[in-house]
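The listed protein sequences derive, respectively, from chains A and B. For reference, each letter of the first sequence is one residue, going 358 to 518 in this note's numbering. For reference, each letter of the second sequence is one residue, going 82 to 869 in this note's numbering.
The set of hints was computed from the structure by calculation and includes no laboratory data. Glycine included, each C-beta is placed from N, C-alpha and C at the ideal position. Wrong hints could be hidden among the right ones.
Partial selection, computed: residues in chain A whose CB lies under 7 Å from chain B [said to hold, decoys possible]:
| # | residue |
| --- | --- |
| 1 | G396 |
| 2 | F449 |
| 3 | L455 |
| 4 | C457 |
| 5 | G458 |
| 6 | D485 |
| 7 | L487 |
| 8 | E488 |
| 9 | I491 |
| 10 | R493 |
| 11 | C494 |
| 12 | G496 |
| 13 | Y497 |
| 14 | Q510 |
| 15 | S513 |
Some chain A residues near chain B, calculated using beta-carbon distances under 7 Å [unchecked claim]:
| # | residue |
| --- | --- |
| 16 | L388 |
| 17 | C397 |
| 18 | I432 |
| 19 | A436 |
| 20 | N437 |
| 21 | Q450 |
| 22 | F459 |
| 23 | C460 |
| 24 | H498 |
Just a sample of chain B residues kept apart from chain A, beta carbon distances all over 10 Å, derived [what the hints assert, rightly or not]:
| # | residue |
| --- | --- |
| 25 | T150 |
| 26 | S242 |
| 27 | V251 |
| 28 | A261 |
| 29 | P282 |
| 30 | K534 |
| 31 | R641 |
| 32 | M658 |
| 33 | P817 |
| 34 | A846 |
One letter stands for each residue in the lines below.
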Amino acid sequence: MVKVNMTVNGKAASGDVEGRTLLVQFLRENLHLTGTHVGCDTSQCGACVVHVNGTAVKACSMLAAEAEGVEVLTIEGVANADGSLNTVQQAFQDHHGLQCGFCTPGMVMTATALLKENPNPTEAEIRDYLEGNICRCTGYHNIVKAIMAAAGQDVSRIAAE
Amino acid sequence: MPKDHGIGASPKRREDLRFLTGNGNYTDDINLYGQAYVHFLRSDVAHGRLNKVDTSAAADMPGVVRIFTGDDFAGVGGIPCGWQVTDKHGQPMQEPAHPVLAQGKVRHVGDPIAAIVAETYEQARDAAEAIVLDIEELPAVIDMKAAVKDGAPKVHDDLTSNLCYDWGFVEENKAATDEAFKNAAHVTSLELVNNRLVANPMEPRVAVGDYNRSTDESTLYTTSQNPHVIRLLMGAFVLGIPEHKLRVVAPDVGGGFGTKIFHYAEEAFCTFAARQIKRPVKWTSSRSEAFMSDAHGRDHVSKIELALDKDNNFIALRTETYANMGAYLSTFAPSVPTWLHGTLMAGNYRTPLVYVNVKAVFTNTVPVDAYRGAGRPEATYQLERVIDKAARELGVDPIKLRRQNFITQFPYQTPVAVVYDTGNYVATMDKLEEIADFSGFAARRKASEAKGKLRGLGVNCYIEACGIAPSNLVGQLGARAGLYESATVRVNATGSISVMTGSHSHGQGHETAFPQVIAEMLGIDESMIEIVHGDTAKGPMGMGTYGSRSLAVGGSAMVRATEKIINKAKKIAAHLMEASDADIEIKDGKFHVAGTDKSVAWGDVTLAAYVPHNYPLEDIEPGLEETAFYDPSNFTYPSGAYACEVELDPDTGRVTIERFSAADDFGNIINPMIVSGQVHGGIGQGIGQALLEGAVYDDNGQLLTGSYMDYAMPRAADVPFYAVDHSCVTPCTHNPLGVKGCGEAGAIGSPPSVVNAVIDALHSAGKTHITHIDMPLSPNRVWAAMNA
Numbered sequence: 358m359v360k361v362n363m364t365v366n367g368k369a370a371s372g373d374v375e376g377r378t379l380l381v382q383f384l385r386e387n388l389h390l391t392g393t394h395v396g397c398d399t400s401q402c403g404a405c406v407v408h409v410n411g412t413a414v415k416a417c418s419m420l421a422a423e424a425e426g427v428e429v430l431t432i433e434g435v436a437n438a439d440g441s442l443n444t445v446q447q448a449f450q451d452h453h454g455l456q457c458g459f460c461t462p463g464m465v466m467t468a469t470a471l472l473k474e475n476p477n478p479t480e481a482e483i484r485d486y487l488e489g490n491i492c493r494c495t496g497y498h499n500i501v502k503a504i505m506a507a508a509g510q511d512v513s514r515i516a517a518e
Numbered sequence: 082m083p084k085d086h087g088i089g090a091s092p093k094r095r096e097d098l099r100f101l102t103g104n105g106n107y108t109d110d111i112n113l114y115g116q117a118y119v120h121f122l123r124s125d126v127a128h129g130r131l132n133k134v135d136t137s138a139a140a141d142m143p144g145v146v147r148i149f150t151g152d153d154f155a156g157v158g159g160i161p162c163g164w165q166v167t168d169k170h171g172q173p174m175q176e177p178a179h180p181v182l183a184q185g186k187v188r189h190v191g192d193p194i195a196a197i198v199a200e201t202y203e204q205a206r207d208a209a210e211a212i213v214l215d216i217e218e219l220p221a222v223i224d225m226k227a228a229v230k231d232g233a234p235k236v237h238d239d240l241t242s243n244l245c246y247d248w249g250f251v252e253e254n255k256a257a258t259d260e261a262f263k264n265a266a267h268v269t270s271l272e273l274v275n276n277r278l279v280a281n282p283m284e285p286r287v288a289v290g291d292y293n294r295s296t297d298e299s300t301l302y303t304t305s306q307n308p309h310v311i312r313l314l315m316g317a318f319v320l321g322i323p324e325h326k327l328r329v330v331a332p333d334v335g336g337g338f339g340t341k342i343f344h345y346a347e348e349a350f351c352t353f354a355a356r357q358i359k360r361p362v363k364w365t366s367s368r369s370e371a372f373m374s375d376a377h378g379r380d381h382v383s384k385i386e387l388a389l390d391k392d393n394n395f396i397a398l399r400t401e402t403y404a405n406m407g408a409y410l411s412t413f414a415p416s417v418p419t420w421l422h423g424t425l426m427a428g429n430y431r432t433p434l435v436y437v438n439v440k441a442v443f444t445n446t447v448p449v450d451a452y453r454g455a456g457r458p459e460a461t462y463q464l465e466r467v468i469d470k471a472a473r474e475l476g477v478d479p480i481k482l483r484r485q486n487f488i489t490q491f492p493y494q495t496p497v498a499v500v501y502d503t504g505n506y507v508a509t510m511d512k513l514e515e516i517a518d519f520s521g522f523a524a525r526r527k528a529s530e531a532k533g534k535l536r537g538l539g540v541n542c543y544i545e546a547c548g549i550a551p552s553n554l555v556g557q558l559g560a561r562a563g564l565y566e567s568a569t570v571r572v573n574a575t576g577s578i579s580v581m582t583g584s585h586s587h588g589q590g591h592e593t594a595f596p597q598v599i600a601e602m603l604g605i606d607e608s609m610i611e612i613v614h615g616d617t618a619k620g621p622m623g624m625g626t627y628g629s630r631s632l633a634v635g636g637s638a639m640v641r642a643t644e645k646i647i648n649k650a651k652k653i654a655a656h657l658m659e660a661s662d663a664d665i666e667i668k669d670g671k672f673h674v675a676g677t678d679k680s681v682a683w684g685d686v687t688l689a690a691y692v693p694h695n696y697p698l699e700d701i702e703p704g705l706e707e708t709a710f711y712d713p714s715n716f717t718y719p720s721g722a723y724a725c726e727v728e729l730d731p732d733t734g735r736v737t738i739e740r741f742s743a744a745d746d747f748g749n750i751i752n753p754m755i756v757s758g759q760v761h762g763g764i765g766q767g768i769g770q771a772l773l774e775g776a777v778y779d780d781n782g783q784l785l786t787g788s789y790m791d792y793a794m795p796r797a798a799d800v801p802f803y804a805v806d807h808s809c810v811t812p813c814t815h816n817p818l819g820v821k822g823c824g825e826a827g828a829i830g831s832p833p834s835v836v837n838a839v840i841d842a843l844h845s846a847g848k849t850h851i852t853h854i855d856m857p858l859s860p861n862r863v864w865a866a867m868n869a
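Could you build all of it, start to finish, from the sequences and the hints given here?
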């Protein structure tokens with residue numbers, strides 16, 4: 358067991374972990390932050406995406422012990438200070454960018470990272486950026502639309518609600 | 082002006098708030114005090130005699146609580162099958178035993194052999210590696226046609242063969258159908274494979290079993306589309322726990338697509354083991370485990386023949402299908418290639434004679450059962466591909482050929498038992514031509530060709546049977562359950578409403594859409610209505626969500642229960658206003674005496690029901706809570722027309738979807754936003770099937786596509802924006818809402834148009850000898866066909 362210390366959603370967090378404990382396990386099991394999901398075991402699905410020191414990371418592909426001293430942002434920490442949905446979250450609700458909700462935390466974290474890197478992405482850039490996030494419910498239509506809307510683009514002409 | 086509330090409006094989904102903030106409550110988020118963890122040691126061979134499972138060394142490993150093997154389940158029932166099909170000779174299907182943990186033999190890669198319960202997952206997995214297995218490997222049967230040959234190795238030694246059943250439908254039509262083929266002016270035939278798929282809801286399956294020693298009650302938390310069905314199957318058939326001592330909870334469920342309908346061994350195990358060790362037991366599937374333990378979908382090999390007269394009228398259709406059951410019969414598996422497939426083979430067309438033969442086959446593969454559409458995509462794919470091929474052979478426009486043969490009179494009795502109540506196939510095709518911009522296709526093809534690409538346009542229609550279904554009918558067809566739905570509408574004293582429904586939402590947005598219906602009926606605000614689902618302790622027996630049935634059947638039950646509420650509330654209101662209840666009207670959340678200005682508010686009536694100081698106690702009971710069970714008189718029949726435009730790179734064989742359009746008739750629509758979302762998702766899965774997905778076994782029964790590294794899930798860049806329209810409305814005639822169901826249409830209606838489009842692209846380049854390529858149309862397959 359090793360002791361790890363990190364900052365998660367602005368608060369100090371620590372715990373004893375095995376060397377093999379993944380960051381996503383630490384978040385879910387030690388910190389009870391169950392908004393970050395596990396949808397695969399090969400780092401393909403993206404349900405576990407969080408931000409580590411401001412960069413999108415699949416929390417299943419990082420050991421908790423590697424996260425010593427980092428700042429982690431999870432889905433639980435992204436809403437506005439008053440608890441209301443932030444721009445990306447709100448766009449997902451407004452445009453029905455989620456159905457079962459399981460991939461959603463990872464999608465929101467990835468979309469947030471995209472918009473930080475590229476505030477006005479094209480449809481093709483959005484689709485390419487989502488390469489590591491799988492959704493089985495939406496056919497991606499409303500996810501892409503929501504991200505375009507979150508970037509401030511006019512999506513009213515995109516086919517059918 | 083679109084409505085902003087009630088039926089036909091698109092309020093934002095209320096469930097999104099918890100999902101978008103990480104506050105969902107999925108089964109893996111549930112952790113119980115003192116819980117132990119189970120890891121299943123699974124077979125890594127497809128077929129073998131299980132001589133010995135030596136757990137002695139593993140039992141001494143750190144943290145191990147107890148190790149279970151098949152021997153521990155000697156006195157326990159097997160996993161039951163919920164549907165018995167009768168073969169063409171009137172004999173029941175062959176139905177093998179399905180033990181919770183393997184007994185005597187292992188029959189597919191992933192078949193669970195031992196279950197290690199330990200203090201942590203890691204300890205359970207470590208201990209699994211110390212179990213010593215003595216398995217005598219046997220030859221595996223993977224190919225269905227080989228499996229039914231004489232002398233093939235048998236998956237189940239106690240069955241007469243690997244043939245589950247040989248089904249003929251309608252057997253009485255066979256001779257007449259064959260005769261019609263002899264007299265046909267033209268016959269088109271096609272052999273095709275409906276590729277084996279893995280449903281892959283993003284949330285893997287999870288089960289947490291709990292046992293309460295003081296009350297002798299068991300609780301199972303599970304990722305299910307139908308918790309009441311699991312309670313019945315597991316309680317009555319596997320573990321012998323009566324319903325009043327067994328609670329099944331399916332909280333937020335991260336997608337289902339059919340594969341979370343079925344009762345699985347892991348659910349029974351966790352419930353059983355919790356009673357044995359007197360501690361909660363939790364299992365969380367890994368994705369790799371899901372690939373070899375979730376029921377797969379599709380996997381049909383078919384030959385279809387279409388007979389036409391000299392005027393291109395369809396005169397007869399016959400099909401022969403081999404349908405893979407896998408190694409055991411999953412809950413609804415036998416019904417999928419039969420009653421959910423054969424009954425749809427008439428499609429949208431006036432084909433007077435249809436004969437369907439299905440041979441269901443056991444193989445050493447994961448069980449196969451319903452996946453979004455279940456039987457109907459397989460029927461649609463065969464039919465819409467053979468029609469396209471016929472049009473090419475006859476040199477007629479494929480849309481014209483379809484239109485010429487459309488059913489136009491309703492109700493319509495098909496030659497395959499079902500009666501379509503309503504539909505307007507001309508209208509959806511007209512709408513499709515508009516939204517898909519067929520008139521601009523020639524220019525788009527030219528533009529593609531200027532880039533060195535080929536472009537193709539493919540179209541198909543579909544019909545499906547949803548809202549499964551009348552209990553008395555499905556009972557005759559072999560269902561071992563009724564298929565009604567229930568609803569309890571509990572009006573609380575202050576006027577808010579809790580609705581307990583047997584339908585289960587795992588992405589469909591019931592918590593938003595169902596209140597729209599009840600709010601419309603009562604004239605109150607939707608925010609006063611809460612939908613409660615997914616817990617057998619909270620609502621009456623319900624049958625769950627699958628087959629696009631939630632609104633048509635579950636919504637209808639809510640309407641019936643709400644009607645009872647209105648009737649009773651009117652009596653209370655009449656008493657309060659000293660009027661006759663026949664004169665009471667409900668409008669905008671108030672009860673009015675017709676023709677007067679007298680009214681009482683909704684809340685006054687609900688309060689009177691629970692504080693009955695001034696109340697007609699001699700006539701009616703206090704309280705305001707009503708339950709209805711709704712059992713429909715027929716299936717519903719959504720239909721539509723879909724178009725796909727592809728671009729094909731002739732140098733690589735790579736196909737890209739450039740445009741996809743869907744014109745559907747779902748009957749009346751409650752929430753257009755949610756309906757469109759359902760169609761989008763279905764199309765995404767259909768494109769996945771057509772271009773990308775396929776579960777592949779090698780000849781030894783090893784699953785080659787066992788993770789997302791190997792199984793190609795559709796990604797955002799694999800699909801375009803879709804143009805969807807559901808403005809063509811022919812309301813269902815036999816349910817109170819006039820609704821038909823929209824959950825599966827996209828997955829049913831999209832694969833044929835993708836393949837039709839690719840064939841069209843190839844023919845545009847003179848490759849007219851290519852009449853078919855089996856799905857998935859990977860670059861490899863397309864390139865090979867082009868260069869054969």
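Going through the hints against the structure:
Taken as an interface hint, G396 of chain A checks out: its beta carbon lies about 5 Å from the nearest beta carbon of chain B, inside 7 Å. Proximity of F449 of chain A to chain B holds as hinted, the smallest CB-CB distance being about 6 Å (cut-off 7 Å). The interface hint given for L455 of chain A holds, since its Cβ lies 6 Å from the closest Cβ of chain B, which is under the 7 Å cut-off. Against a cut-off of 7 Å between C-beta atoms, the interface hint on C457 of chain A holds, since the closest Cβ of chain B lies about 3 Å away.
The interface hint given for G458 of chain A is met, as the beta carbon of that residue sits about 3 Å from the closest beta carbon of chain B, less than 7 Å. Among the interface hints, the one on D485 of chain A holds; its C-beta lies about 6 Å from the nearest C-beta in chain B, closer than the 7 Å criterion. Hint status for L487 of chain A relative to chain B: holds, with the closest Cβ pair at about 4 Å, below 7 Å. For E488 of chain A, the interface hint holds, the least distance from its beta-carbon to any beta-carbon of chain B being 6 Å, beneath 7 Å.
Checking I491 of chain A against chain B: minimum C-beta separation of about 5 Å stays under 7 Å; hint holds. Of the supplied interface hints, the one on R493 of chain A holds, with its beta-carbon coming within about 5 Å of a beta-carbon of chain B, less than 7 Å. Given the 7 Å rule on beta carbons, the hint for C494 of chain A holds: about 5 Å separates it from the nearest Cβ of chain B. For G496 of chain A, the interface hint holds, the least distance from its beta-carbon to any beta-carbon of chain B being 3 Å, beneath 7 Å.
With its C-beta approaching chain B no nearer than about 4 Å, Y497 of chain A sits inside the 7 Å limit, and its interface hint holds. The restraint placing Q510 of chain A at the interface with chain B is violated, with a minimum CB-CB distance near 13 Å, outside the 7 Å limit. The restraint placing S513 of chain A at the interface with chain B is violated, with a minimum CB-CB distance near 13 Å, outside the 7 Å limit. Annotation: L388 of chain A was flagged as interfacial toward chain B, and the flag is violated, the nearest CB pair being 12 Å apart, outside 7 Å.
Taking 7 Å as the C-beta cut-off, the interface hint given for C397 of chain A holds, the closest approach to chain B being about 4 Å. Restraint check, I432 of chain A versus chain B: the minimum CB separation of about 4 Å is within 7 Å; hint holds. A least Cβ separation of about 6 Å between A436 of chain A and chain B falls short of the 7 Å threshold, and the interface hint therefore holds. Taking 7 Å as the C-beta contact cut-off toward chain B, the hint placing N437 of chain A at the interface is violated, the least distance being around 11 Å.
Given hint, Q450 of chain A at the interface with chain B, holds; its Cβ is 4 Å from that chain's nearest Cβ, closer than 7 Å. About 3 Å separates the beta-carbon of F459 of chain A from the nearest beta-carbon of chain B, less than 7 Å, and the hint is met. The beta carbon of C460 of chain A comes within 5 Å of a beta carbon in chain B, closer than 7 Å, and the hint placing it at the interface holds. The beta carbon of H498 of chain A comes within 4 Å of a beta carbon in chain B, closer than 7 Å, and the hint placing it at the interface holds.
Against chain A, the non-interface label of T150 of chain B holds: every CB pair exceeds 10 Å, the least being about 25 Å. Every Cβ of chain A is farther than 10 Å from the Cβ of S242 of chain B; the closest lies at roughly 37 Å, confirming the non-interface assignment. Look at V251 of chain B: its CB is around 36 Å from the nearest CB on chain A, clear of 10 Å, so calling it non-interface holds up. Non-interface status of A261 of chain B relative to chain A is upheld: no Cβ of that chain comes within 10 Å, the nearest being about 40 Å off.
Not every CB of chain A is more than 10 Å from the CB of P282 of chain B (nearest about 6 Å), against its label as outside the interface. In this structure K534 of chain B is separated from chain A by more than 10 Å, as the shortest Cβ-Cβ distance comes to about 17 Å. The Cβ of R641 of chain B lies farther than 10 Å from every Cβ of chain A, with a closest approach of about 28 Å, so its non-interface assignment holds. Here M658 of chain B stays apart from chain A, with its beta-carbon at least about 42 Å from theirs, past the 10 Å limit.
Distance check for P817 of chain B against chain A: the nearest CB is about 26 Å away, which clears 10 Å, and the non-interface claim stands. The Cβ of A846 of chain B lies farther than 10 Å from every Cβ of chain A, with a closest approach of about 26 Å, so its non-interface assignment holds.
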